[in-house]
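Please model the entire structure based on the sequences and the hints provided.
Protein chains in written order, with my numbering: chain A, 690 to 911; chain B, 12 to 243.
Heads up, some of the hints might be wrong.
[What the hints assert, rightly or not] Now the stretches of chain B that chain A is said to cover, found in silico as 3 or more residues with beta-carbon under 8 Å: (1) 71-85; (2) 175-181; (3) 193-199.
[What the hints assert, rightly or not] Interface residues of chain A toward chain B, partial, derived using beta-carbon atoms under 7 Å: (4) Gly711; (5) Thr713; (6) Ala718; (7) Glu758; (8) Gly814; (9) Glu816; (10) Ser840; (11) Leu842; (12) Asp843; (13) Gln867; (14) Phe898; (15) Gly901.
Since the hints were made in silico from the structure, they are not lab data. The C-beta atom is built at its ideal place from N, Cα and C for all residues, glycine as well.
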Amino acid sequence: MITIEFLRHRNLAIDALTIKPGITSIIGANGSGKTTFLKICAGIELPDRGTIRIDNLAPRETEIGWVNEFPDRNILFANVIDEIASPLRFHRITSCNKIDTDIRACAESINISHLLNRAVRELSGGEKVLVSLAAALVHRPTVLLLDEYDSHLDALLAAQINQVIRASGARYVIRCTQQMDTAMQSNQLLFFDSGRVTHAGTPEHVFSFLKGTAYYPFLWMR
Amino acid sequence: MKISLNRAYAVRDHWSLLASGTFNQGVHLVSGDVGSGKSTLALMMAELFPLSSGRIEKAEITSCMLSLQFPELHLTGRSVAEECTSWGISADDIVVATGLTGRKDASPFSLSRGELKRLHLACIFAKDYDLLLLDEPFSSLDCQEKTKLCTTIEQKSRGITVIFTHEQNILPRVSRIWEILDGKLIDCGRPPDAFLHWCHVPPSVKRLTALGLRPDNISMEDLQEAACRIQG
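Rendered as structure tokens:
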């Protein structure tokens, strides 16, 4: 379980929240605190007050995979293959064969093997997101955090990536999305409003409070 | 007023795009998969990407604006106010319109991506351009802001607006639909007839069409009108 208690950070104010293993989607308006929340889950930022524990560990003691909402800020290296290899090299895995095998398996699972020998600057916005996702997954994280990764993907690719995410083996996947069709396909849904989690539960439960708003999935309208 | 692409051909190391067709006044939607060349086509139409062959001709177009997919690439101001001023517009009006009141002195990089996109689009729509090229304008916007953007685009009374996007759910009413397939720009025609040939047709349109209730266009209002026919 991920447990959050009395969290206060910037505009975030969450007294108590539990996130179960599986896929959790976060929806809400721009500026409602979604990205800040993900950064705290990743250990990128430490909360001003309160605690967050991931299976009783601090985020910084947990293997995290992170995909930034700005693809260009996510990428450190000039070439795709070096970018995907970087988490393995940062973990001091020295076997070139293992690194090469893991990179190719990961790239194949995301269907980007054809990009491996490309320079990052040649990639489209969507392709950069896919490379970032591969780098996030290649070291098999416990927690995979995705910040509006799908805003740069077409529908078909987003569906394929959702399958990859499900098969990734990450114990927790927490993703911000503005695609309600994606949010529908989650184990747990959180609705953020002005830094607070105003609705939490299954997608059916949360969306029942959002009827008549732009967040309600069209495919559910009757 | 129109922009005509006559076998306009662009080549990159691993990829090429061939585009022919005429974009008249109105709102055009260009769809395509990731990496299909939507952004490159936008650059070509803005004369920012060299053609290997063919030509692009503009008639009666005196002003053109390209809105890039990533709003941070447009930034020149160190603060929200400076950024607005760099576009030649009043920061006071923009911060109110974008809900950024009280953040005029904030760095644009301190905004969330959605807030930055809102700021950027507000600066774009503060002026009237003959040719407006919008590369992924909906990315990073929340559902309410996407809906507002649709209204803004639909209310543009003149000029040519071309939207390059993979957005499938919240879209404005458009006059013509195009898509990029296998390195070629395809003219799917005007909605609703375009739905017959459009490979990237949104699932909601596909679903309604399968029920025999083809919406007139792709906006949420058109979809809801068609869905209401089911209820009736």
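Hints and how they fare:
1. 71-85: Satisfied; 3 residues make the cut.
2. 175-181: Per the Cβ count (4), the hint holds.
3. 193-199: Violated, because only 0 residues of the segment 193-199 of chain B bring their Cβ atoms closer than 8 Å to Cβ atoms of chain A.
4. Gly711: The hint is violated - glycine 711 of chain A has no Cβ within 7 Å of chain B, the shortest such distance being about 24 Å.
5. Thr713: Violated, about 18 Å.
6. Ala718: holds (5 Å)
7. Glu758: Interface hint status for glutamate 758 of chain A: holds (5 Å vs cutoff 7 Å).
8. Gly814: holds (5 Å)
9. Glu816: Status holds, d = 5 Å.
10. Ser840: Interface hint status for serine 840 of chain A: holds (4 Å vs cutoff 7 Å).
11. Leu842: Cβ of leucine 842 of chain A sits 6 Å from chain B, so the hint holds.
12. Asp843: It holds, given that the least Cβ distance between aspartate 843 of chain A and chain B is near 4 Å, below 7 Å.
13. Gln867: holds (6 Å)
14. Phe898: Violated, because the Cβ-Cβ distance from phenylalanine 898 of chain A to chain B comes to roughly 14 Å (cut-off 7 Å).
15. Gly901: Violated - the Cβ of glycine 901 of chain A stays beyond 7 Å from chain B, reaching only about 11 Å at its closest.
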